[in-house]
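Position chain R relative to chain F; hints supplied.
This is what each chain is made of:
Number of protein chains: 2
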Amino acid sequence: MASERITPRTLKGFRDYLPEAMIPRERLIESAKAVYRSFGFRPIDTPAMEYTEVLLGKGGGETDKQLYRFEDKGGRDVGLRFDLTVPLSRIVAQHAGQLERPYKRYHPGPVWRGENTQRGRYREFVQCDFDTIGTESVLADTETVLVIHELFRKLGFERFSIHLNHRKLLAGALESIGLSEHAADVLRALDKRAKIGDEAVAKEMAETAGATDAQSRAILELVSVQGSNDEVLAAARERVADSERGREGAELLAQVLSGMRAAGVAEECVVLDLSIARGLDYYTGTVFETVLDDLPGIGSVCSGGRYDDLASTYTKLRLPGVGASLGVDRLLAAMEELELLEARPSPADLFLPLFDAQRSADYLALATRLRRAGISVELYPDAKKLGAQLKHADRCGHRLALVVGESEWAAGTGQLKDLVAGTSEEVTLDGLEATLHARLSS
Amino acid sequence: MASERITPRTLKGFRDYLPEAMIPRERLIESAKAVYRSFGFRPIDTPAMEYTEVLLGKGGGETDKQLYRFEDKGGRDVGLRFDLTVPLSRIVAQHAGQLERPYKRYHPGPVWRGENTQRGRYREFVQCDFDTIGTESVLADTETVLVIHELFRKLGFERFSIHLNHRKLLAGALESIGLSEHAADVLRALDKRAKIGDEAVAKEMAETAGATDAQSRAILELVSVQGSNDEVLAAARERVADSERGREGAELLAQVLSGMRAAGVAEECVVLDLSIARGLDYYTGTVFETVLDDLPGIGSVCSGGRYDDLASTYTKLRLPGVGASLGVDRLLAAMEELELLEARPSPADLFLPLFDAQRSADYLALATRLRRAGISVELYPDAKKLGAQLKHADRCGHRLALVVGESEWAAGTGQLKDLVAGTSEEVTLDGLEATLHARLSS
Chain F
6 MASERITPRT
16 LKGFRDYLPE
26 AMIPRERLIE
36 SAKAVYRSFG
46 FRPIDTPAME
56 YTEVLLGKGG
66 GETDKQLYRF
76 EDKGGRDVGL
86 RFDLTVPLSR
96 IVAQHAGQLE
106 RPYKRYHPGP
116 VWRGENTQRG
126 RYREFVQCDF
136 DTIGTESVLA
146 DTETVLVIHE
156 LFRKLGFERF
166 SIHLNHRKLL
176 AGALESIGLS
186 EHAADVLRAL
196 DKRAKIGDEA
206 VAKEMAETAG
216 ATDAQSRAIL
226 ELVSVQGSND
236 EVLAAARERV
246 ADSERGREGA
256 ELLAQVLSGM
266 RAAGVAEECV
276 VLDLSIARGL
286 DYYTGTVFET
296 VLDDLPGIGS
306 VCSGGRYDDL
316 ASTYTKLRLP
326 GVGASLGVDR
336 LLAAMEELEL
346 LEARPSPADL
356 FLPLFDAQRS
366 ADYLALATRL
376 RRAGISVELY
386 PDAKKLGAQL
396 KHADRCGHRL
406 ALVVGESEWA
416 AGTGQLKDLV
426 AGTSEEVTLD
436 GLEATLHARL
446 SS
Chain R
6 MASERITPRT
16 LKGFRDYLPE
26 AMIPRERLIE
36 SAKAVYRSFG
46 FRPIDTPAME
56 YTEVLLGKGG
66 GETDKQLYRF
76 EDKGGRDVGL
86 RFDLTVPLSR
96 IVAQHAGQLE
106 RPYKRYHPGP
116 VWRGENTQRG
126 RYREFVQCDF
136 DTIGTESVLA
146 DTETVLVIHE
156 LFRKLGFERF
166 SIHLNHRKLL
176 AGALESIGLS
186 EHAADVLRAL
196 DKRAKIGDEA
206 VAKEMAETAG
216 ATDAQSRAIL
226 ELVSVQGSND
236 EVLAAARERV
246 ADSERGREGA
256 ELLAQVLSGM
266 RAAGVAEECV
276 VLDLSIARGL
286 DYYTGTVFET
296 VLDDLPGIGS
306 VCSGGRYDDL
316 ASTYTKLRLP
326 GVGASLGVDR
336 LLAAMEELEL
346 LEARPSPADL
356 FLPLFDAQRS
366 ADYLALATRL
376 RRAGISVELY
386 PDAKKLGAQL
396 KHADRCGHRL
406 ALVVGESEWA
416 AGTGQLKDLV
426 AGTSEEVTLD
436 GLEATLHARL
446 SS
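Line by line, the protein sequences are chains F and R.
So the first sequence is numbered by my numbering: it starts at 6 and just counts up by one.
So the second sequence is numbered by my numbering: it starts at 6 and just counts up by one.
The following block holds chain F by itself, in its conformation from the complex:
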């Protein structure tokens, strides 16, 4: 028999989430959804599996290599989604007639990439995107940034900043410098600046975009401008004064900034940062990244921007929009490091040991009463020794236990034990709901 057993194991690059890991994930995603909903975003879901042709579009990129792709039993060439943007593009094209625009949707869900796992990356991970599609209004950009701000505030981050830039501002600057023909190459090089430094960026720009020394210097100078947001904006305006696009980009950024102020966002939470480019070709307007000031090294935990044309792969309908993607795994790692996660998430508000199986009915009645009052209760199912039951409760992360033995049932009382502090107090079962509510909210 033993020899027939199969070794229980997960695939390389995949992992299980046991409760200790899953509880904070679930809470994070719930928090994100609640914030999205508070701005009127609505949920969607799409299949894990799609036609490869639909997933890859014109293809040719890194995604082709990472795609989990196979032939299904009907001979179809299919793959697993590798992001939530492609399904969004497909869905808005496919259901265009049914979708009211602006269309505000959020979409939490797993995606799969057969990536190299050496850098601590997983092949299955959760994204949590939100987008507003079908409007060119800068107010939608502002609200997108507000969503991010509100979410990070709700999650308990005290020091974070959303770095903002505008692709038209960058494009205008490249026009002024005479590099607009090679904008894509320049922006691709600029995106690596934090990693490889100015010199290597200049070298790459010379190679891929044919940038002269003077051009490189001008662009690197622009993206290095520091100061208050007003100062950075003034410096940027000066440099793009002769480009209509550039002036437009600066004006739109100014509007986002003033919107953030109107919503009461502290100045230091939003940073004009002319070095942000978000290499992805499809961004055309506002672009942003979110940096945790106490952990700058982990990079952006929430990024996105505005695009002109989301779904041109599938439809002639022009669909501009703006959105962002939350890096759930990176964010959880950061929250753990910053001790923003509850150290011992409790399985329930109260642990109720079972003293005597003959009394099951009383325990069930009590547990039901408390649950109806909004207090979650884990009732232990076996009448083991109290010590063993409390040890189990402690190991599972419970904080409060209510011990009701034979004499307590008779007296209508219980011993309320604080498993963390190691203290105990007598409580009456009558009115227990109020006692527990007070205790749990303190």
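This list has only true hints and no planted wrong ones.
Pairs count within a copy or across copies, as identical chains cannot be separated in the list.
Listed below are the simulated PhoX-like cross-link pairs for lysine-lysine, each with C-alpha atoms no more than 25 Å apart in a straight line:
#: 1; residue 1: 208; residue 2: 197
#: 2; residue 1: 70; residue 2: 197
#: 3; residue 1: 63; residue 2: 17
#: 4; residue 1: 38; residue 2: 159
#: 5; residue 1: 321; residue 2: 389
#: 6; residue 1: 63; residue 2: 321
These aren't lab readings, by the way, just hints derived from the structure by calculation.
Relative to the frame of chain F, chain R by itself:
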């Protein structure tokens, strides 16, 4: 360009969930999770993809044919999970050292089966299981049934019944009748009773289990016993009086019933039903199905039972437990038919039209204030004509809109429009939170 476009489409057997479909799904799953948590269950998640060997175990069943199976880029034979029980078995075997038992987990997640789609079945669907593993206590069975009861109550079902039986009672009865050698065949035939009728069941039992006419009659008589739970129990006890297993099954059922009473569950919500067998070989104790009294035809919407040994495929550790699986799609279809779903789920509590883009800052400030007070607000991003904005709000399912134009800003007022009733009233912006809270809770 147009000729290069890719037709946006989903695979056969797969579907998109647009907000109208996704909002009730999300709410249902949230409700289930909240009820599970109130009993101390904790969430887990496992990878969508596993080694085929792990998924199929000894294999040989229907699942082999339905499995989405392929070779990954590392040459591994992999597949997509087809239920949440196999990953649960694998996880408890693999992480046995880390898991405190009893181990109470819930797991909402998609599963994939390459099923025949003709019967309206989908190839991707969501399950929402919960299990208690590592205890033989009947109290765990009782709490499992209580979870189901509480969930259906919370979802708004008024007429539903949980049908209970015990495999040991059935086994005892088969012993008495002299059919225990062929228990599996008999139970398989019995499970089809509702579909094919007594005569066909008797015929199948004769063919597969060699049952005589008298034996068939005896077993069919047993499973047809009707009456109050006490009457059914008494009748069952009588018939299994000479079987120890049978007596044990009856006693355990009696305990579940008395536990349900102790928890205040109405008698008519729990039905002893000796015809329930749950064909799956691994059930060994209490088995149950949940029937919607107003829609009996759709079958069980939540089923499960007790098993002796969950993970013998992967470990020599004996892991008894009890659990259930919620049929999310079937339940949603039922809720729609019974009009238990909100007809027009609103994207937010309030729709705020934008009268004048120059006033964006004021609208943003107002929206922020309301959101901070727990009122969700969708701010329209474009200063289109009011009629167009309100039409959009109506189409999206909004119920309330607050119109604040230039004169209203000056006066500190707004027009609160009920888009369903078609009424309007003047409100002051000062103290608007309280006005809206009162309106929303009415």
